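J.: As you go down the protein sequences, you meet chains A and B in turn. Read in the working numbering, the first sequence has 186 at position 186, and its numbers run on one by one without any break. Read in the working numbering, the second sequence has 306 at position 306, and its numbers run on one by one without any break.
Just so you know, these hints were derived from the structure itself, not from any lab. Remember, it's a predicted structure, so these values are computed and weren't measured experimentally. Among these hints, one or two may not hold up.
Stated by the list, open to error - Capping the alpha-carbon separation at 20 Å, the derived lysine to aspartate or glutamate pairs in EDC-like fashion look like this:
id, chain 1, residue 1, chain 2, residue 2
1, B, 358, B, 334
2, B, 209, A, 231
3, B, 195, A, 14
4, A, 232, A, 193
5, A, 13, B, 210
6, B, 209, A, 40
7, A, 30, B, 37
8, B, 194, A, 86
9, B, 287, B, 188
10, A, 38, B, 155
11, A, 13, B, 242
12, B, 209, A, 37
13, B, 209, A, 14
14, B, 287, B, 216
What the hints assert, rightly or not - Some chain B residues well away from chain A (every beta-carbon gap over 10 Å; in silico):
id, residue
15, 57
16, 62
17, 142
18, 214
19, 248
20, 296
Every residue, glycine too, gets a C-beta built ideally from N, C-alpha and C.
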Amino acid sequence: MEKVYGRTAAIQKDMVSSLCPGCMHSTMFKLIGEVLEKLDILSRTASVFGIGCCGLGMQYITYDNVTAPHGRACAVATGVKRSTPETIVYTYQGDGDLASIGLGETISAANRGENITVIFVNNGIYGMTGGQMAPTTLVGMKASTAPGGRNPKEHGYPLHMCEILNQLTAPVYLERCTCNTPANVIKTRKAIEKAFQNQIQGAGFSMVEVVTSCPTNWGLDPIESLKFLEEKMLTEFPLGVYRDRQEA
Amino acid sequence: MKRTFMKGCEAIAEAAVRSGCRFFAGYPITPQNEIPEYFARRLPEVGGQFVQGESEVASISMVYGAAQTGTRAMTSSSSCGISLKSEGISYCASAHVPIVYANISRGGPGVGTIQPAQQDYFQATKASGNGGFRMMVFAPSTVQEAADMTYAAFDYAQRDRNPVLILADGVLGAIIEPVVLPPMRPDEEVSAMKKAQRSWALVGHDPAKEPRSFIEPGHWSIQEQEQSCKDNAALYDSWEKDAQEESLMIDDAEIVIAAYGISGRIARSAVSLLRKDGVKVGMIRPKTVSPFPEKAFDKLNYKRVKAILDVEMSIPAQMVYDVRLAVKDRCPIETCLRSGGEVIRREEIIASVRALSKA
Ligand SMILES: Cc1ncc(C[n+]2csc(CCOP(=O)(O)OP(=O)(O)O)c2C)c(N)n1
Ligand code: SF4
């Protein structure tokens with residue numbers, strides 16, 4: 001019988017995941033691995049992980065990895081890529097990492113048009129540290145540091161990274177996806193593939209934002225989380241291609 | 001040997017390139033702007049990369065990234081900018097990423113003054129970031145030393161897989177002096193040095209064929225973290241042999257000046273003038289302030305030495321604590337200090353020595 005689907009060689013075989021049930025980080029590690037294998041770049045890829053649950057993947061993947069200081073992944077990736085252009089470099093960052101403490105590094109790398117791939121996992125909350133408010137937390141959504149819910153008068157409004165980076169001239173590709181259904185998972189994989197292809201072609205800065213869930217810190221079970229994601233998160237963070245210079 | 005006139009900052013940058021440095025990232029701050037400006041012109045000529053980072057925090061992270069690929073990489077800044085780099089320096093020390101950086105230091109805490117000072121001694125030698133790591137710290141007192149020490153710093157960084165600091169100040173950065181530059185390493189040697197790092201370097205490895213590069217600035221397992229701290233401690237202990245100093249006219253000295261960097265340079269000229277007047281004065285000038293050359297203080301004849309005069313452009317004094325540890329109460333220690341951007345005057349040192357020798 002022909003084997004049509006197998007485990008990606010980018011994920012270690014003997015690891016037990018420490019991610020929570022329903023966490024989409026695991027889906028993301030798999031999708032990225034599948035793309036690296038498909039494009040045959042696994043042996044020349046360097047992953048730069050942010051700090052947070054997003055960084056837990058460092059233990060599960062089989063290929064080169066470094067942890068960046070919290071928020072600095074785009075700066076670290078800049079150094080890796082500029083000094084060794086033949087290496088494929090991507091960052092993997094949560095919303096606290098990429099959009100709060102690392103906002104300056106993210107925007108500056110995008111504005112320089114660094115030839116790197118950025119995978120931005122937006123779960124609307126600080127996962128690892130236990131549910132504090134993130135720059136992407138929805139208005140009214142409760143967080144451990146916003147017990148009454150996000151209040152625009154006090155906390156401002158959620159930050160939209162694809163839209164913000166779309167104000168810059170240099171980025172070549174910006175797309176927002178999600179992983180709530182098999183169809184959307186396939187779309188996300190396609191977006192990731194494109195973001196890596198851009199880098200292989202030397203096109204410049206690509207970012208794929210993936211809206212995900214954090215059942216544990218949302219205080220919802222995995223099924224309820226999917227519902228919240230569809231009804232609330234995707235209303236605030238519309239899916240779609242924000243920029244595609246390669247297509248244009 | 002060809003001698004050229006060069007500014008301290010530029011000699012540091014050129015020596016780095018000659019040692020094989022092919023990546024620099026930095027953020028503007030006086031009095032070290034000539035370092036990034038020199039690299040911006042020079043690195044493209046040798047196939048290297050210069051990036052003006054959006055901040056010191058980002059610049060050191062870029063250097064952390066570049067050095068992980070086995071590329072010799074450097075950054076520089078001054079005092080308050082160095083504070084911002086402490087995050088990345090600590091990451092480099094923890095993850096064993098060899099980098100070189102220079103602090104062309106200025107006066108006071110906070111934004112301080114832009115004039116020269118030696119107020120960053122504790123930061124440089126004791127706590128350049130969180131976590132109790134240590135580094136080799138070189139303190140040049142001439143442009144020649146700045147060039148030679150920078151050249152060697154890359155080899156020490158590579159040897160130890162640890163950051164190395166060049167601790168200079170605004171005078172040394174701006175002064176123009178004759179210098180014999182160290183030899184340019186040929187391109188083949190530079191790329192061979194990079195290739196030699198491949199086993200651990202973040203350049204991509206085939207998971208089916210070889211172990212991956214896994215650069216860890218921390219550990220999930222507390223046992224691994226403790227072991228890593230122990231390994232680091234053993235590395236730091238091994239540096240005793242690397243301590244360097246200049247001992248000047250100490251054999252018959254009754255007063256011994258302890259001074260480093262720019263203060264040491266000014267003190268040297270005070271020593272020669274005082275000697276002409278028959279004052280028995282000598283000097284110990286640490287060239288590495290970490291490791292501190294403690295043994296040099298054991299060579300003093302404490303039956304003869306009346307006092308040590310610690311001379312620093314720092315108020316309060318900082319190196320004096322290392323001097324105390326080295327002197328071990330064998331004689332009194334006095335200080336002669338200026339700061340805030342005031343460059344210490346030779347006459348001030350001479351007056352302090354005379355007062356001690358009459359006492
Ligand atoms: C300089 C610094 N500040 C704070 C922290 C603590 N910290 C660890 S993870 C994290 C945030 C994680 O949230 P996010 O980036 O959204 O990623 P997630 O865990 O949701 O994947 C923080 C603040 C740190 N490690 N370093
Ligand atoms: S806390 Fe949230 S982000 Fe972290 S593993 Fe659990 S579900 Fe995923």
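J.: Among the hints numbered above, which are violated by the structure, and what are their numbers in rising order?
T.: 2, 3, 4, 7, 9, 10, 11, 14, 15, 16 and 18
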